[in-house]
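The whole structure should be built from the sequences, with the hints applied where relevant.
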Amino acid sequence: MDLTPIFYQIFIGLYRASIYWLIASGLTIIFGVLRVVNFSQAVFLVLGGYLAYAFYYGFTGSFWLSVLLASLCVGIIGVAVEILLLKPLYKIDVTYQLLMTFAVSLIINDATKILWGKLPVSIPLPEALGMGVNILGRTYPLYIILMILTGLLIYASVTVLINRTMWGLRVRATWRRPEIAESIGINTSIIYTSVFFLGSFIAGLGGSLMVAFSPVAPGLGDFLIVSAFIVTVIAGLGHLTGAYIASIIIGISESLFTLYVPEIDLLLIYLIMAVSLLIRPQGILGER
Amino acid sequence: MKIPKPSPELYGIFLVAISTLIIPVFREPFYMYISSLFMIFSIFSMSYNILFGYAGLLSFGHALFYAGGAYTLALFTLNLLRDPLIGTIAAGLVSLVLAVLIGLLTLRHSRIYFSMLTLAFGMLLYALLLKWRSVTGGSDGISGIPRGGIIINIVDPISRYYYIYTFFIAILALLYILHRSKYGLLIRSLGANEEFLPFTGHSIFKLRIAAFLISGSIAGVAGALYALLMGVVTPDLAYWTTSAEPLVATLVGGPRFFAGPILGSLIFIVLTTYAARIADIWQLVLGLLLIALILGSRGGVLEVIDRIWRLRR
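Going down the list, the protein sequences come from chains A and B. Per the working numbering, the first sequence runs over residues 7 to 294. Per the working numbering, the second sequence runs over residues 4 to 316.
Incorrect hints may appear among the rest.
Unchecked claim - Pairs of lysine-lysine residues, derived as DSS-like cross-links and limited to a Cα-Cα distance of at most 30 Å, are as follows: (1) B:Lys-185 to B:Lys-209; (2) A:Lys-93 to A:Lys-119; (3) A:Lys-124 to B:Lys-134; (4) A:Lys-97 to B:Lys-209; (5) A:Lys-119 to B:Lys-134.
Because the hints were derived from the structure by calculation, they are not lab data. Just so we're clear, the structure is a prediction, and the values are computed from it rather than from any experiment.
So, in structure tokens, the structure goes:
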């Protein structure tokens, strides 16, 4: 039996997994520290794609510069949302914070439609990334390899940032005991804002990198946020490693099922969710 | 039994009940249509508020029960038994079963999990309605829903109006009884101070399930009435923006008040009807409204009125 098609599907699955992961990672760290489920995480990713498109055709003409600018812009928009809309709500019930990020995602959804139209947009790949890499007799696009590596890089750097730096130490202190962190002189308000920046930046980076291969369109975020929610629920809310594993499980199984049982492609993720809720309601790495 | 003194809220509800009763007198089809939409949307919003305002559960998937009810009525009357009344009852029952299944999976977790999971389940139904073409008609939906049947016949617009009115008043009365009952108070304590509830010997999970069942089955009835009014159902009914609508209406009116969702629905329906141009930027309007309400007045219009009322006395 020729295994190449299976390997190729797994490879494509890893690409899907990276997109889920680039949303779910931000969702996870923001929830971990701020206790806010950022509903707008997926529209931040889509917005990153649109901004990269706007910068590319607007003035830069360079793929890398557009990606950098777009990710920074999304990060700054995230900071604005956190300071203006979320800070006033930390003292009240969590549902209102969730509701607020939900409102933000509704607004960004329509704003992208008004600014860039209803049709999908994309930008051309830089030539150097258009090549393929030959592995075991099948050509794999270099660009997709880059996306998968970006996902891995984000995992590694967020882990290092949180576990090995001074900033990470403050973040962990705020995460565990915000009141005590505050009392020993940590400015938790700045920690919150910087974590929100990091989360939004990752989403913006994911979207702007993605747009050269998968076009973005209004409403794309609606489905991506559902997938990202499912990933975090399967992982156990707040578990970074779990979220990475869950993204990969969902990405690869979706990709394999599309090849062999295409009828259930849209429904598969919900089936995985239901099964996971029944057998491990606390998440794959969560503890009771 | 002591009869409670009617609250100012109750006078408002009587006013609504009387005005909706006499609308058909004007013989203006457009008024009747708007009024029917208002009554259906009120039922939907009241059912939503049992979760949001009473039990403190923020659902992003309430459209699942609404669309579930609407599709049940369509499929039931077209394929099984041609009768609107039995179809409406079937819609309530199917939504009740859906609420049991989804409630068992989502209500054991924290309230944040509940919000995320209800969104996922709502979108699951949307995906199913879109994909399962042979049964649901895909993106075209199902049209030609019959209004005449073996038990009742509501082909005539006025009888259809009063059919919807009967359900509106019945559900209003039922929910008011629940609101005033001890059980209703227990469900409301879920939202107010859940952490003390276990000390009273009641189970949070059981009360949440009860709230979810009541809310889900009533939303299913609302969906069935909508299908009867429109004569057509489409998958959009299950999309998450449909879930956001009763949420916004409830927040506009005032989630702490029994009449909140009704007043909110009235404002909502008037707004959407007379500002038809906003259909293109519907999500933007909803989003801005939400932000204004969350930052400005989380208690809604009724809380503002309530505050002024207390000041005057």
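So if I understand the rule, the pair passes when the alpha-carbon distance is 30 Å or less; does Lys-97 of chain A with Lys-209 of chain B pass? holds, 29 Å
Would the hint linking Lys-119 of chain A and Lys-134 of chain B be met if the CA-CA limit is 30 Å?
Holds - the C-alpha atoms of Lys-134 of chain B and Lys-119 of chain A are around 25 Å apart, at most 30 Å.
For a C-alpha distance cap of 30 Å, please report whether Lys-185 of chain B and Lys-209 of chain B respect it. Judged against 30 Å, a Cα distance of about 15 Å means the pair holds.
Q. Within a Cα-Cα threshold of 30 Å, do Lys-124 of chain A and Lys-134 of chain B meet the stated pairing?
A. At roughly 22 Å apart (the allowed maximum being 30 Å), Lys-134 of chain B and Lys-124 of chain A satisfy the hint.
### Query
Taken at face value, is the distance from the CA of Lys-119 of chain A to the CA of Lys-93 of chain A at most 30 Å?
holds, 28 Å
The structure agrees with every numbered hint stated previously.
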